[in-house]
Amino acid sequence: MQDKGTTQYDLVLVGHSLGAGAAAILAILLKQDFPNLLCYAYAPPGGLLSLPAVEYSKTFITSVVLGKDVVPRIGLHQMEALRTDLINAIKRSADPKWKIILGGVLCCCPDEVDFDGVEGPTLADRDVTSHPSDATIALTAHQPLYPPGRIIHIVRNHPKE
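Position one of the sequence shown corresponds to residue 1 (the numbering used here), numbered consecutively onward.
A portion of the hints provided could be inaccurate.
Claimed, not checked - BS3-like cross-link-like pairs, simulated, lysine-lysine; straight-line CA separation at most 25 angstroms:
#1 160 x 68
#2 58 x 68
#3 31 x 58
I should point out that these hints are in silico values taken from the structure, not numbers from a laboratory. Quick caveat: nothing in here was measured; it's all calculated off a predicted structure.
Let's have the full structure, built from the sequences with the hints guiding it.
The following block contains the structure:
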């Protein structure tokens with residue numbers, strides 16, 4: 001790239017959402033070859049870099065987060081916690097699991113379906129369909145990951161009336 005008469009230009013990488021994550025990783029990989037490189041990551045995935053990588057990237061990556069955007073706030077660690085909370089809530093519920101799931105699917109028309117006359121799996125069937133222990137299906141080593149670089153968080157200012 002530098003052989004094409006572009007030595008007077010600096011390399012700037014830009015991406016949005018998943019592309020922001022790709023741009024940030026690429027920026028880290030190219031930083032040694034392009035010392036003046038800059039990266040602007042708009043709404044990058046939250047579960048992207050370790051803390052040491054975030055500290056390293058603060059001098060050349062700027063992440064821009066708008067309001068309460070979920071993409072920069074969520075990573076695999078947070079998704080696992082959500083999954084665990086949902087499974088535990090379903091396990092604690094006295095309602096049959098099929099009723100909970102069907103109720104979620106039919107949330108827009110709850111008055112049109114009467115669950116009382118519908119037969120579902122019996123108690124004997126519950127053992128067959130129970131979930132394995134969460135410890136046996138963990139997806140990560142539970143290392144929290146973070147958005148890249150310096151973060152600019154843009155929020156609306158709602159003046160008091």
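**Item:** Distance restraint between residue 31 and residue 58, which requires alpha-carbon spacing of 25 angstroms or less
**Value:** 12 angstroms, holds
**Message:** With the threshold set at 25 angstroms, check whether the alpha-carbon distance from residue 58 to residue 68 stays at or below it.
**Reply:** 22 angstroms, holds
**Message:** Holds or violated: residue 160 and residue 68, Cα atoms, limit 25 angstroms.
**Reply:** 20 angstroms, holds
Checked against the numbered hints above, the structure violates none of them.
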